[in-house]
Structures are given as C-alpha cells and as structure tokens.
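Turn these sequences into a full structure, and let the hints steer you where they fit.
The listed protein sequences correspond, in order, to chains A, B and C. Note that the first sequence covers residues 0 to 395 in numbering that gives the first Met the number 0. Note that the second sequence covers residues 0 to 386 in numbering that gives the first Met the number 0. Note that the third sequence covers residues 0 to 239 in numbering that gives the first Met the number 0.
Quick caveat, the hints were computed from the structure, so don't treat them as lab data. Given the structure is predicted, the values throughout are model-derived calculations rather than measurements. Glycine included, each C-beta is placed from N, C-alpha and C at the ideal position.
Residues of chain A clear of chain B, computed beta-carbon distances all greater than 10 Å:
1. R11
2. L71
3. P73
4. F117
5. E235
Residues from chain C that face chain A, not an exhaustive set, calculated with beta carbons under 8 Å:
6. V101
7. L110
8. L114
According to the in silico footprint, chain B covers these stretches of chain A (three or more CB under 8 Å from chain B):
9. 22-31
10. 274-283
Each chain, letter by letter, is given below.
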Amino acid sequence: MKYLHYILRNARRNPVRTTLTIASTAICLFLMLLLLAFFAVNDQVTSSVGVYNRVCTLNANGFAGRIPVTALEPVRALDGVVAVTPFSWLGAKYQEEVLPFAQFGVDADTVFTILDEFTIPSDQLAAFKESRDGCVIGRKLADERRLKLGDPMPLKRDLYPVDLNLKIVGIYDGPTNRDLRMCLFHWKYLDEELKRVATALLGKGSEDRLAGNVGMIYVKCNSSQAMAGLCARVDELFRNSEYPTRTQTEEAFGKMFAEMLGDLRGMIRAIGLAVVFSLLCVAGNAMAMAMRERTTEVAVLKAIGFRRGLILALVLTESVLVSGAGGVIGALGCKAFCDVVDLSRYSAGFLPFFYVPWPIALLGMAVALGIGLVSGLYPAVRAANSSVIDGLRKVI
Amino acid sequence: MIPLKYNVRNLRVRWKTTLMTVLGTGLVVWSSCILFGLVEGLEHSLKVSGDPLDLIILRKGSSSETTGGFITATADEILNLSGIARDASGQALAAKELLNIPIATRTDGSTTNIIIRGVQPASRGLRPDFKIVAGRDFELGKGECIVSRSLSRRFRGAEIGGLLYFGEKEQYRVVGLFTAGGSAAESEVWCDLKDLEHNTGRDGSVSCVQLRAASSPDYNRLQQTLNDDPRFKLAAIPESVYFESQSRSSLFLKAAGTMIAILLTLGAMFSAANTMFAAVSARTREIGTMRAIGFSQFDILISFMGESLILCLMGGALGLLATIPLNALTYETSNLSNFASVSVSFRFGPLVAGVAIAMTLAMGLFGGMFPALRAVRLDVISALREL
Amino acid sequence: MQGIPSIQLRGVDKDYRRDEFTIPVLVGLDLTVPEGEFLALMGPSGSGKTTLLNLIAGLDRATSGEVLVHGQDLGLLSESEITRWRADNVGFIFQTYNLIPVLTAFENVELPLLLTKLSKRTRRQNVATALKIVGLEGREHHYPRQLSGGQEQRVAIARAIVTDPYLLVADEPTGDLDRGTATEILELLEQLNREFQKTIVMVTHDPLAAERASRILHLDKGRLVDDILQGARVSAASAS
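Written out as structure tokens, the structure reads:
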C-alpha cells in the first residue's frame, strides 16, 4: 500500500495520455455493455414469464397461419383452464410511425384475469368492457406520449386493411419487467370492421376471408404443473382440423422470439471480442509509451534497490488502475445512462424494459481490469528486465 | 513542406507503437466494416430486382406479401391482362405466389420462422440470375421443394434428399438448391403453388402476383388498371419500391451499426491521439531544430497531421483488407416486418468503403489535430534546450 | 577500524560486447580502498571510470576477477541478492540528480525507505534527519522542478544517505552545477565522509572536485595509470 501513492502519481503524470486511455476504454466498454445487456435483458424477459402459468396457441404454421375464433370455446372448456382470450397482433401505424408499440385485439372480459400481473382501476376496466371502440394502454406509453383517458388512439392500417379509431378508456400498470407500453382493444371491434371491409370489397358471404381469425390464443392455467399437459391437449384438439395448432408455454414462446435473432448474437459477440482486443492494443500501447519515457527512472529505482518483482508489480498496478478507471466509468456510466434513458421505448414492444444488470456491469469492470493486467504485462516485464546500466547511461 | 519520407521513417523507427496503433484502429474499422457489410448485404438483397418493369401486386393497404393476400380468381384475371412480357419460350412472365411462414428448426436446435413460397414456373424468370446450383428443380404436384443454398446449411432437413417437416400435412422433400443473385429469394424455400395451397388449406387465395411488363407504356397502363379498375382495386407496386419499404428490417442493424461505429471511432481516435502526443513529445527537439532551420508552424502542423493520417490509413487499410475473407460470410436472422428468417451475405460495397474511409479520416484528423497543435505551439528556444 | 579494506578488486577485467566486437573496458585492475576513504576516479571519456564505479556499486558484474565490498564477494550474489545488497549498503548520487519528478523532495528521499520494514513514523523521522543533514529543512514539499540544481542534488544526496548505507557512489555529482554550488555539494560530501565515516567513490572530470578527495585514481584505457594519496586528507580522515 505504501507504493500506491507513487503509482497514482505516475498514473497522473501525463494527464492527457491517461485521460485519453481512460476515455477510450470507457467508451468501448460502454458500447460492449449495451450489447451484452441487450442479450441479457432479452433472456430475462423470456424467463421471467414462467410464473404466470400461461400458454400460447398459434397456428402450427406460425404467424402466417390462422386460428379461427371458434377455436376459443373448446380450449376454454378444457380441464385446468382458467380463462382464454384472443391476442391478435394488429401491427398498425400510429401517426405514420411503423411499429410504434404493440397493439393487441383481446377479450376485454378475460384479458386482465389472464394478464393478472397488471392492475387497472375497476371503473376503468368496467368502462373498457362496456365500450366498443375503447382501448386500454400501459402506463409507460401514457406517460411517454402524454396520453390520458378520453384521448383518441387512431391506428392506421398496415397488416390488416382497416383503420381503427380507438378511444383510451383505461390505463393499466404493472411490474416494471412487463410491457407497460401495450395498447389493448376489443378483438370483436377489429373483427366487425374486417367483416365490413370484406363485404364492401369482396361482396356478401366473403367475410371469412378477412375476419374470424384471432391470431393467437392466450390461455391462463390453474397451475404450473398443468401447463405441459394442457399444451398437448390443446394441440390434440385441432390435430385433424383445418387449422392444426402449436401450443407452447409463454416462456417457450418468448424463447422463440429470442432465437429469431439467429446469428446476430454470435456476430455481436465477435464484435465485442474485437473491441476487447483493440482495447488491449490501445492500453498496452499507452503503458508502453509511458514506460519508455521512464526508462531512466526505472533504472534509478533498481539502482537504489527496487527488486524486479516490485517494479513489475508497480507497472502492472498502474496499468490495471488506468484501465480499471475506464472500466468503472464505462460500466457504471452505461448502467446509469440506461437507468436514466429508457432505451426500451424505442424497441416497439420487443423489450418491455432495458437496463444493465449488475452481473453485466461487473463483468464489464472485470474485462477492464483484465485488459489492464494483460496490456500492462509486456511493458511491466520489459521494465523489470531492463538494464540498470543502459537506463542510467541514457541520461548522460 | 517537410517531406512525408520523414514521417514514414519516424513511424518505422517506433514500429512497435505504430504496429499497436495500426492493430487497434484496424480492429475497430474491421468490426464496423463487418456490420455495415451485413447491412449492405441486407440492403442489396432488397434492392436487386429482376427488372425495372417488374410489379408486385398486393391487396390495397397491405405493406407486405405475407399479409397481402387476395382471391385467386382476381389473380387469374391479372395473368390474362395484355402488356405482360414473355420469355424466350413465349411464356408470360407473371406468376401467382403464395407465402407461408412455418416454424423450422436450425441445425443447432433453435427454432425460427421460415418463408416457404409456392411458385409458378414463371416465378423463376422474375428473379435475377435464378439458378439451380445443386440437385434439380422440383416437379409439380409431388410435394418437392428447392431450398436456397445459404438456407440449406442452416436448417435441419434442408439438405438435398432431406425432408422439411412443418407439420403432419406439410412436409416437403428437398430436391435441389438454388441461388438468385443475392436477392431476397435466397432466404426462402420454394415449392409448387398447388402443393402449398393444398397443404395449408388456403386454396383460392394468393399472397401476391408478380409480373414483368413488356414495355414502359405497358408498365404504366398495367399499374393504372390494377390500382384503379374496379375489377381489381389492388396495389401494383414497383418491385424496387416494395423492397424499399421492406428495408425497415435493416434499420435496426443500421442504427446499431452506426452507434457502434461512432463509439468505436471515438475510442480509436483517442488511441491515435495518444500515439501522436507521444510522437510529438519524443521529437520536441527535432521540432525545435526544424523551426530553427526555417520550417514554418504550418509546415509542422501539416507534417504531424499527415503522420497521424498515414498511421490511421494503415489501420483503415488493414481493417478493410481483413474483410476480404468475409466475402463468403452469411448470417441468418429475422426480418422485423414478418418475423421470418432472412439470410444475408456479407457484401463489400460503397457503404463499407465509405464507413471505413470516414472512420479513418475522423481518427486521423481529429486524433492528430491536438498533438499537431501542441507541436506547433512549442517554443523554439526551449524546444532546442529539451533533452 | 582504520585500514580494513572496504573495497577490494583483484584482477578485474570488464569487456563489453557490441555485435561481434569485444571491447575491453577494464584490464587486470587491482585496487584496495580502506574504509572511510574518499576516492576520486578521474580519466578521459571512455577510460572506464564509470564502469569501475558500477562494478563497485553492484550495478554491473566483472567479466573476470573479484570485486569485494565490505568483505562481500559481489560475484557470488544473485540478481535479487545484489539488488537487496545495494538497498542496504549503497547510496547513489548522479550527475543529473535523477529525482522522480512526480514526487516531492520528502517523497523522493523516502523512496529507498519504502523497501525497508520501518514504520511510517520512523521513515518520516529518518527522512527529516537526512534532509536536515543536507540542509534542506523546509523544502520537503517542493517538487524537483521547483528546486534549483544544487537543491535537487542535495535531495538526491539525502536520498542516498537516508538508509545509512556503508558506501556512497557519485557519478559526476557536480557536472551540471555552477562553481559555487559545486563547492557546496563537495563540502557536503566531505562532511559526510568526515563526520559519518562514509566511504565515498566519486567519478569526476573536474580537478577541483578531485582535490577534495583523500585519494585520486587516474584511469586510461581501462588501466590504473596514477594513484595519488593526498596526505593531508588521509590524516584528516584518520584523525576523526
């Protein structure tokens, strides 16, 4: 510890260089943490929904397939089912914004029984149930876009050939790790509009071409043990129908979304690795330059009796301190930044929240310290093994 | 002006520092180039169209093939319109196509949505450079399919002779692999339109019709008829416009890539500045001597800025060169508009080169500026006295 | 203790290898320095005087022959042992002072004490004593750049004596100083030799500096060419 003073003085000796090195490390770590946190949050979102005992039924052909509204009733009748709701992804534009936030057509009577982690004042829920074109939005969405009860919520056609002019009748709240930016509206309203459009466009009797599809069925089970069996029984129901289904737990469903990223994960990891190597070069170079300027001093220290190991330790500590400072700034800075700026609002509902988890922040700092250690090694060994005579001669 | 030779020699003398800086900046340029090469590949796949006279016909108001279906009867009427181009064998270049997005399993066991497209013979001529590169084309009505070469490596059962199993009723025997000039079709599985209609129970509707007009006037007339004629009331969208609207899936990558590139450039800029500051302080006496000899402050500024540029150019060149082996690189991810798998090949193009040049210049100029200014401001007398 | 050999060199050769050439720097050198002697080494550039100093100080090793300091054969010590030995037995004074620019005068002097197990308190006392001996009380918290050349050299001398070493080696200690300041520094060295019985070996170009020593050795091309014992000084040293 008695050397710390000297080490710190050395680190501050060339403030420009130290600042640049720290800044360089901090920026690159900031970036790395953003990328790592993205994956971590993605995984967390997926695994956090296991406790709600819900399963999702899709057409076996995925999002392009249909699930007729008539499928709801037999599922509701199954043993272990608490409630069911359609969950139709509307994917409409809001004020010309593509993918602004998630919008789902639901059954107002059951949706908050199923999504029971969400809370909504009972009068608002009652108003939602009674309305035809009413919708309920999440608190974050309301806050961010300054929306309040009674405001219009116009959703322009994109996936479906209808415009929905909704009215906000309720605002729900819930745990911060859930999507508080959804817009939930009556599936029936969407279906009626679709029927109207189909009749107008294709003539009477062609309503089925557009309407009657619920997209996805959200099912609440009475226990976690019941879920696996229920998935199989739902699929069994429709096995030989026109619309075979694929039923998964909500967790598995989310995992599928996460897996969609595919090779992007590996790619981002590779870039993270390249950044670490680049930082090794940057930090190593800075330390080597610093030691080159101190050749004589090292020689003096050795002359007056500083052993090799001690010199090695002094240089390594300095290097670790500088990189570590960059790590602390980059990692904590990234964490603080994400706490203040909620990046998830720009993700169109794919990430209900975004933050840098502590393990990731700590990993970032560990990487920084590792970079300090590895990059300091060469200059430290060089300094430790340098010749006293040559170092002293350089002065004269 | 101080000859550049002087700077080059200096870079060579402190070759270790030079090497480290070049490696550091090179890696940074390299990783940004990879990202933008992928963005470029993605955009390229959305840009390469068969012909400027190609039209995609969708239901009005729909923005994507996967959601844009209409009834077959209408589609058949389109195929009979006049003004459609014909290929060498006299066949009309117009095809009904149907898309389905089943779940497929990757070779690593994870799952994703994949596009299977039911096509008609003319579909092939509507894609740029459509080629069967292995095996053979599928035969009609036999439950066979062909798979793009880049997909076949990544999915279970997608190799020639394999069976793509999407459900009890939906299974296809893979008989061949194709390429299509890097276009969007290279993310798809193709099978017979009738097979797909039958297997998915979607007889009577199509996702889209694709056609090529015989001439520019025909093109305009066709577009007008399809859009406005009460028989159709569809959206006839030029292929290029359609794909442009699909490029939102590249926005995410582009935004991420831009953010990464900017942050990395800043990081590397600091590193270059570090190297140059050290160079200036190590050569204080030389600078004093040069000033004494009669070189102007401007000469010194240019000399050090030039040295910094040379340094970063080497890094940039290294980063760019290191992307050469990546030309064979493809990656698979999902399209944000229909959540279906897309395969993208790394592509070296103007975007990549532009990014590399911009990064290099930014690093070299901004990284070199402050050290060069320090060199300029040195007092001649005390610089000469410096040890 | 008068007369006991403090430094003994027997048949010392020192060669330097530059590429394929071998350059002899010291040739067959024999030398005995009694304890408490103030020895000046003189000679033209390249005569081997700094090399001889380095051998005595344990910074360098002889190619052949024996170097004994205070009865210890330096050739027998390992690298880490000789480093340890230097810390305990030798104080260094350089022409360019070689203070650590980022440390204050006090911290510079304290540096060698960090290598000992002394408590912070004792270290502080020892530093204060050393600074007092060199006449720099009140300058403890100045950085080297805030001191004059003579003051810097005094700090360097304080650093050299703070561990109470047996031997002081000085390489051109007055080379960078003006005449007046040089005299002060030389008087300080004399005082250390006289009052604290430090054996001092000093390399110098300056005949006036050499005058202060009790004995002057002249080297040329690696050989001892002249050995002048300055009577008055010897008796002065033996008297105390």
